[in-house]
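Enquirer: Construct all of the structure, not just a fragment, from the sequences and the given hints.
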Amino acid sequence: MIKLDNLTFSYNDTDKPALENINLEIEDGEFVLITGPSGGGKSTLCRCFNGLVPHFYGGAISGKAQVQGLDIRQHSTRELATKVSMVFQDPENQLVTTDVEREIAFGLENLSYSRDLIARRIEESLDTVGIVDLRLRQLSELSGGEKQKVAIASVLALHPEVLVLDEPTSELDPKGAEEVLALAERLNDELGITVILIEHRLDRVIHLVDRVIVMAEGRIIADGNPREVMGSSQIEAIGIGIPPVTRLLQKLKAHGISVDKIPLTVKEGRIILSSIIRKVRAPVLNDNKPDGSPVIRIDKLWFTYPNKTTALRDVSLTISQGEFVAVMGRNASGKTTLVKHLNGLLLPSRGRVEVDGIDTRQSSVAQLARKVGYVFQNPNDHLFADTVEEEVAFTLKNQGVGQGDIGLAVNQMLVKFDLTQYRHCYPRYLSGGEKQRVALTSVLVAQPKVVILDEPTRGMEYRLKRELMGFLNGYQKQGNIVILVTHDVETVAECADRVILLSEGRVVVDGNKRDVLSKALLFSPQINRLAQAFGKYGVADNTLTVDEMISQLT
Amino acid sequence: MISLRYQDKNTVVHQLSPLSKLAWVGSILILSLIFSNPLYILLLFLATLPLITAARIGREWASVMKLSLYLCTAIVVINVLVSYHGSHVLVEAPFRLPILGTPIITLEAILFGIVMSIKLLVIISAFTLLTFTIHPDDIMLALLKMRFPYKSVMVTSLSTRFIPCLIEDIQRISDVHKSRGLELDKGNWLQKVKNRAVITIPLLANSLDRAVQVAEAMESRAFGAGQGRTFYKEIRMTKMDIVTLVLGILPCAFGIFMRLLGYGDYQYYPTLGVINPGTLEWLVLFIMVLLLVSILFLAFARRVTSVD
Chain A
1 MIKLDNLTFS YNDTDKPALE NINLEIEDGE FVLITGPSGG GKSTLCRCFN GLVPHFYGGA
61 ISGKAQVQGL DIRQHSTREL ATKVSMVFQD PENQLVTTDV EREIAFGLEN LSYSRDLIAR
121 RIEESLDTVG IVDLRLRQLS ELSGGEKQKV AIASVLALHP EVLVLDEPTS ELDPKGAEEV
181 LALAERLNDE LGITVILIEH RLDRVIHLVD RVIVMAEGRI IADGNPREVM GSSQIEAIGI
241 GIPPVTRLLQ KLKAHGISVD KIPLTVKEGR IILSSIIRKV RAPVLNDNKP DGSPVIRIDK
301 LWFTYPNKTT ALRDVSLTIS QGEFVAVMGR NASGKTTLVK HLNGLLLPSR GRVEVDGIDT
361 RQSSVAQLAR KVGYVFQNPN DHLFADTVEE EVAFTLKNQG VGQGDIGLAV NQMLVKFDLT
421 QYRHCYPRYL SGGEKQRVAL TSVLVAQPKV VILDEPTRGM EYRLKRELMG FLNGYQKQGN
481 IVILVTHDVE TVAECADRVI LLSEGRVVVD GNKRDVLSKA LLFSPQINRL AQAFGKYGVA
541 DNTLTVDEMI SQLT
Chain B
1001 MISLRYQDKN TVVHQLSPLS KLAWVGSILI LSLIFSNPLY ILLLFLATLP LITAARIGRE
1061 WASVMKLSLY LCTAIVVINV LVSYHGSHVL VEAPFRLPIL GTPIITLEAI LFGIVMSIKL
1121 LVIISAFTLL TFTIHPDDIM LALLKMRFPY KSVMVTSLST RFIPCLIEDI QRISDVHKSR
1181 GLELDKGNWL QKVKNRAVIT IPLLANSLDR AVQVAEAMES RAFGAGQGRT FYKEIRMTKM
1241 DIVTLVLGIL PCAFGIFMRL LGYGDYQYYP TLGVINPGTL EWLVLFIMVL LLVSILFLAF
1301 ARRVTSVD
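For the record, the sequence lines run as chains A and B.
Those letters in the first sequence? Residues 1 to 554, per our numbering, in order.
Those letters in the second sequence? Residues 1001 to 1308, per our numbering, in order.
Treat the hints with care, as some may be off.
DEER-style ranges, computed between Cβ atoms [unchecked claim]:
#	chain 1	residue 1	chain 2	residue 2	range
1	B	Thr1160	A	Asn473	29 to 37 angstroms
2	A	His424	B	Ile1170	24 to 32 angstroms
3	A	His424	B	Leu1184	25 to 33 angstroms
4	B	Arg1005	A	Asp28	37 to 45 angstroms
5	A	Arg227	B	Glu1168	54 to 62 angstroms
Read the hints as simulated data drawn from the structure, not as lab findings.
We put the beta carbon where it would ideally sit given N, CA and C, even for glycine.
Expert: What follows is the structure in structure tokens.
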């Protein structure tokens, strides 16, 4: 059992406590989800459970914290290792050897177990996690999801009583994420291991867990069974990404329709909705119909990497002014390779790519940068300057814009993106959401006609996602093109106009988001899956979002 | 791009005991350092080739060599430009530099630079064998067997483990900043250094973050707990492995003995010496090369015996 009494903790260099008066009991065998805005103390709390806080990070701690009968202040992380195991966000940065067997052996070796016992534990862990076939593989050959499973196997080998997973899926594609979460559920269910999971995307896990804890500003602000917590009105207010079906029924409730139970899954949603639905009026679903002139023309594009893998096969596309395009598809389907052609980072092996009348082969990346902005997934890769102001000015400086104009443009952008108060701050010290905003601002300041974002919402909390999409929709309205590479179906349903689906380097579908997403099995958003069941009541079968659904039902 | 990581190609060279290979590479390293005679260095270089061929790492070797050639060119050029010794003057500058005197380019300086480059190539060539035919974790085990302290070996092996990540980082961060209009090769050298800083800062900061994360993960898996760590895998030495280990060390011992007898020296400055080995010296050289290559014969023999 985990028992925290009035636990307060502050990191060394800050005054504000990262955790404040936490009182918490977690019973053995529970499956607990911890969620909440970033910077709210989720990670710090989890690091208490195995003593990384305070031993590894250092800081001031008060109150009591007992984990499986051991006081974390008296026992180091190493001593707690066989009680509490932790799996981290980035699979790449927690694997320390080069092959699967040795990785699993690592912790056991540290604890001086005998070779026979290690061999037995390796066998056991491989079996439990279901990765026996990976046994002899090199870690560098594995996919992200496989690596994360190896990481889980390597801590399971220590026979922990508690397994803590700190955003284990934020670096994974949907398939990998699904597998890791299913594994967590199985470990809890079959082996009775206490599982504590931090996660932003609730629609994937909410129905699996016994209990949800919501943290914000270092405090626990909600704690209870999923239905209770999801039903409370304050949850949406602090910006937690509750599943769309849940949000739908909550909103209906707010519109005065009596709903006796809040659903957590599409199936529950279907049952609940069918008890209250009446014949609805014919839907009018408005879509933004861009009629601008073409800016990007891709003609019979083929691309082969120097290692001979062909990543794009015969891709032809036109993208016009004012379009918001989502590029979707499995991992390694060629999404990133495609968009890297638009600013000349990659040049066609065969075929032609033209941006605003310029053949990318006749131009340089620097010249194309005036027309095409590219925001990469991790804002940390963007930030290098001493102040936010310099960071934003950098792009313009590269383009040889005059000093006075730079000052003016930077000022405008800082105001627009609400960054004025951070103007003189060191960008890397900002919070995750603010960093992302600085990176975006530093690209948009050059007013590119096309802006590309590669997986911007991966591992991002709901509130920040909405904020980002708000900015992008605004930018689109000024007549610019926004291109989003993403796996995030819900975001696409809300914001995009057009979806391009790639597979094995070919465009398999290209069309209006409504056509693409409502006819897909795997790619359709929750609300669409719900709407499909109510066609006979007059609900449009291509409804995609909560708001569209609400407008039909009320 | 071909992957510059270890791959188990299961050749006779891959199957050799890591300790034997380490000893052999060590021998090459020491021999190339103690000899200065171009003929000896050239033979050392040639002696690495049969093993590389047998290990089927020719492509990896070629790409490493291609990169090293840039370095070699730099060595030759710098040596020629700053070393004004030697008696065969090919070019003389019409001006004087303070302290250094009148710049001249001499035949001796050119040859010295070239031989130094080949020395470097010998060492790099031998090390490709180490990188591409020994499992990184086995290198660690071998070093531990040689009584290096565990923590230092672990840190070294960890840092090599993250080199591919670092290369990916560099690639990605350069893409980010190229997309923001940065032209890496624009401007004078000062500007170029500044341009590189744009990439270096995120790279360093990301690496620090990564280091903290790795440390956290290791700590969580009881790294450094208790005394006496155990090892799941160990290097078992069969009799054959001991023989190959001896064959790895033997060329080195033999070479040192030769050097003590006065073989293998060569004079570059002020006038190039004459390379004219007598019958005896040729014989001695032949034995050295034979010793170096003999490990390969044994490697084949080892496979034959282990099949039985």
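Enquirer: All the hints need checking, so say for each whether the structure fits it.
Expert: Do the hints match the structure? See the list:
no.: 1; hint: B:Thr1160 with A:Asn473: 29 to 37 angstroms; verdict: 46 angstroms, violated
no.: 2; hint: A:His424 with B:Ile1170: 24 to 32 angstroms; verdict: 29 angstroms, holds
no.: 3; hint: A:His424 with B:Leu1184: 25 to 33 angstroms; verdict: 28 angstroms, holds
no.: 4; hint: B:Arg1005 with A:Asp28: 37 to 45 angstroms; verdict: 43 angstroms, holds
no.: 5; hint: A:Arg227 with B:Glu1168: 54 to 62 angstroms; verdict: 43 angstroms, violated
The structure shown violates the earlier hints numbered 1 and 5.
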